[in-house]
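Participant: Once you've looked at the hints, dock chains B and C against the given chain A.
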Amino acid sequence: MRNRVSTTIFFLLLGFLFLVAPLYVGGYLLEILIIVLWLGYLGSCWNIIGGYAGQISLGHGTFVGLGAYTSTLLFSRLGLTPWIGMFLGAILAMAIGLFVGFLCFRFRVRGAYFLLITMAMTEIVRLCFENIDFFGSTVGLFIPTMKGPTAPLLYQFDQKWPFYLIILGMTAGILWITFLMERSKIGFYLKAIKGDEDAARSLGVSAARYKLLAMALSSFFIALGGTFYAQYRMYIRPDLVMGIHFSVEIVLAPIIGGLGTLFGPILGAFLMIPLEELSRLLTDFLKHSFRMKGLIGLHLITYGVALILMVRFMPYGIIGLFQRLKGRWAKNEEIIRD
Amino acid sequence: MRDRKISRRTFLKSAGTVAAGVGLTGFPAILRGAPKEILIGAVHPLTGLVAEAGQMSVWGLELAVEHVNKAGGIKSMGGAKLKLLVEDSESKNEVGAIAAEKLIRKEIVCLTGAFQSGVTMAISKVSDRYKMPLVVDVATADAITQQGFQYTFRVFPTISSMVRTGIQGIMEVTDKAGRPIKTAVVIHISEFTAKASFDIFYPMCDKVGAPWKILKKITYPEQTMSVASEVSEAKVLKPDALFINCRMRDAIMLVQEMYKQKFDVDGVFGIVGSGLADPSFHKQGKLSEYVFNACPWHDEVKPLALKVAKEYEARFKKPYNMNGSHSYDTILVIADALERAGTGDKEALRKALVATKLENKTSIGGPIKFDEKGDNIGAGAALVQIQEERSKCVFPHEFALAKAVYPAPKWEKRG
Amino acid sequence: MLYLQALINGILMGGVYGVMALGLSLIFGVLNIINLAHGNLMVIGMYISYLLFVLLGVDPYLSLFVTVFILFFIGFFIQRFILNPIIGAPEEMSVLITLGLGMVIQNILLMTFGPDYFTVDTSYKLSSLMFMGLSVDVAKIFTFVASLIITAVFFSFLQWTELGRAIRAASNNREAAMLMGINVKKIYCVAFAIGTATVGAAGSCISTFIPTSQGVGILFTMTSFVVVIIGGVGNYLGALAGGLLIGIVEEFGAVLLSGSMKQVVSFGLLILILLFRPEGLLGRKSEE
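Chains as they are written, first to last, in the numbering used here: chain A, 1 to 338; chain B, 1 to 415; chain C, 1 to 288.
Chain A with its partners taken away, still in its complex shape (with noise of 0.2 Å):
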């Protein structure tokens, strides 16, 4: 009981800084924060297929291609405002996942395939993206500055605060729905899939039908921070919103910070934006200091050892590694109590 209430206070506490930040930071930090926001945002969404259901997509970048270019299209030749394009192109997002969950589920596609398919996919997406002029092709869309009164129902601010209250408040309903959904059936039955989805099936549990569902929600969600990254920045093109490195650099990390855990992706996003900046100022500490050309690349080589150590020894993240900590703590105070 105890435990409870002050977890409820701590994260009350903790959503209130998150709120007031703006007022305190300078521009600078609230690009980051926005990015952090943004990339946890993402991650979270795709934590829900690739964490919580087991199934690894290097993929899901065309989802928040698909919702980038959706509400955009529709706002530069309809006028549609992004706050309904988004919801539009959401829905679009979440038929395609469900069309290739369907294949592949369906059809009893292995793990790793799923992946190769996922990644193929995206690949696909986006060269035709980069071949149509009618999506702009490979030259990308500038979306129309909006000033005046009318522009934030455009989706549109000449500040950055709102842009931040609105990822903040996108990651908070993410995390919301996320919990909400681990404690539910669903999150019971996509725990027993993801452990042995034999064992599951044979206990009557349609592996099928969980996986398609939490693929339908984290397309859904995912698309929405699309037309997010589309208003912030005003332009996108194929290879921002699409395509294989972007979908792996969305799955890094839900996978740093702890696959299938609630906080999971934003840690590993608070993690890996600030050690990006942290060896870019260590680059540039040693080009000035010793002449050095630099540690071009740092931050990728540290990603890239932190992924073989993570999945080596940590496959359930930072979190996981807390939560096991914990664990053995907890026996050890019994063990002490007896």
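Worth flagging that the hints you see were computed from the coordinates, not collected in a lab. Take these hints with a grain of salt, some might be off.
[To be verified] In the DMTMM-like style, the derived pairs of lysine to aspartate or glutamate whose C-alpha atoms are separated by at most 20 Å in a straight line are:
no.	chain 1	residue 1	chain 2	residue 2
1	A	K191	C	E91
2	B	K216	A	D133
3	B	K217	A	D133
4	C	K125	B	D264
5	A	K160	B	D264
6	B	K106	A	D133
7	B	K346	A	D133
8	B	K36	B	E107
[Claimed, not checked] Using C-beta positions, here's what the derived DEER-type ranges look like:
no.	chain 1	residue 1	chain 2	residue 2	range
9	B	G148	A	L12	41 to 49 Å
10	A	F322	C	L163	43 to 51 Å
11	A	E249	C	D116	18 to 26 Å
12	A	K147	C	F77	57 to 65 Å
13	B	G148	A	V20	26 to 34 Å
14	C	L4	A	F107	33 to 41 Å
15	B	G148	A	L23	22 to 30 Å
16	A	F18	C	L256	48 to 56 Å
17	B	K317	C	K186	31 to 39 Å
18	C	R80	B	E313	22 to 30 Å
19	B	K131	A	R110	53 to 61 Å
20	A	R328	C	F77	50 to 58 Å
Quick reminder that beta carbons are idealized off the backbone N, C-alpha and C, glycines included.
Facilitator: Okay, now just chains B and C, sitting in the frame of chain A:
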């Protein structure tokens, strides 16, 4: 031979002069604050595929800063010296935006960058939010100056002007050689800089009255493993000329394939092909010889341009090309504006930039003057040709020394 | 005429793709490992060829043996310390680990050599044979022949040597192999090492005509995967066949379609095969 001993009167006189001099120059400085450093921020890709080009821009910026400082700095601000702060955009929009934020936090008075249009768009949004003047040294997308931002200016020519000059140059060169182009094939990468260039190229050909007929438009992905079939496709049509736009890697593959398949044309013309400006492409010897490129360039005739080009090449061991020269000129523009504004205040600087009319510069074109969108109406472009492993300007003539070689000798004659 | 040239180009590129995919086929087929660092390992091989050529003047087809040697050890090391510990874990884990490995390799190469592209400029790099207006690239012919030789060597090794048999046994049924006294862990190391060695050989072969730098790894990886899956995982003839198919499809795609659509066709084929015939066109090699 002067008298060694200085008479008291002379001493007093000279002391007085010195004191007066100090007073005259130093006093206003004290009023405005002692000569300090004026910080200018630059965001360029120093890592990634175009790292070499980004670096060449940064060298241009650094060299200009040195020259301005050596000439006395910004005299209207008490001889304050310029200082350049450079951040790597890593060719990524996100990183560029963060870099811009970082620099603005360090209290720069002006921003420049960023080579890639996407990154430039990203930093322009940042700089506009802070009402920070941004003078784009190198970036082509027309959209950058179409956002209605009052604080964004661009020294680099737009794609439209580069394409137009290119077509005019091609027509002139081929007319002069008595062999106007009748048929041509277009080959380019499907990536956006190439596509944007050709989207402008086709209608511009009609507008300017170009005589050639485009037989086929061939595109391929930048990351391709081979361009063999693309070249075969073009060869079969037997065109007089090729219009291309490639990155360096596939440009090299392209000329190699043409050699291997013994595909001869009268001329290969790059249309704003940044890959063709790459030093590695020039080193392909007989393969890249005689290839043209329609692109911005530096003046090869005027003394200032020649002097700077020489120093640049001696110091950095790379040719002084379009990137270096426009970056160099951007610093001149900023310094000139600071000089007229007399202060680092952003609003005053912006007003001064609007009123710019800079004639003494190193890039091709008329005096640098910005229109209401921020584009440089004096910006020019040229047609250059690779001769003896160097790109030389062959059109327009007032900036060129070299003469074009057209038609290009056949492969078997090149040895 | 154009189509004939495209066919020739396609067959030659097919040889290139086939030899690139051989090593991957072995690793995927025998060890069940989806090696996303495949392309990056090949790039290492190419850098080795390049260095040996530039520093010692050795032709890549000769320095191939050195490259093979070095990559054998790199592969052994990788399997021993990074991949062996996760034997038995779900395949996706190998994907993620090799993904990380690929990132590390790519960026170490970037730090060491910088981002510039290079090719090995041998004297015959630009030669081609012309007959009847069709041109045939000499360097690609060498590669094609090399790929046939390598496949033959491969095949006979696995079929007729004791080590080869042990590898096949270990891949089919790990527990049974262990019961028979086969040191499965060591076998896996050797198998992976052979896979990477082949990849190194492929890199040497193609270093004269495919401009490479640290970033090209992912491209090689994707292409090789498409070839392997279409041809049949673990089926070495399948790798060649798949390579030829993809090579021809791409060259025709380049002629018939525009832009990057030729790659779409390859990926589309991949998806179709994955869904409807996951064992590949020539089927997976199955043993008793």
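Participant: Run the structure past the numbered hints and jot down the numbers of the failing ones, going up.
Facilitator: Per hint list: 5, 6, 7, 17, 18 and 20 violated.
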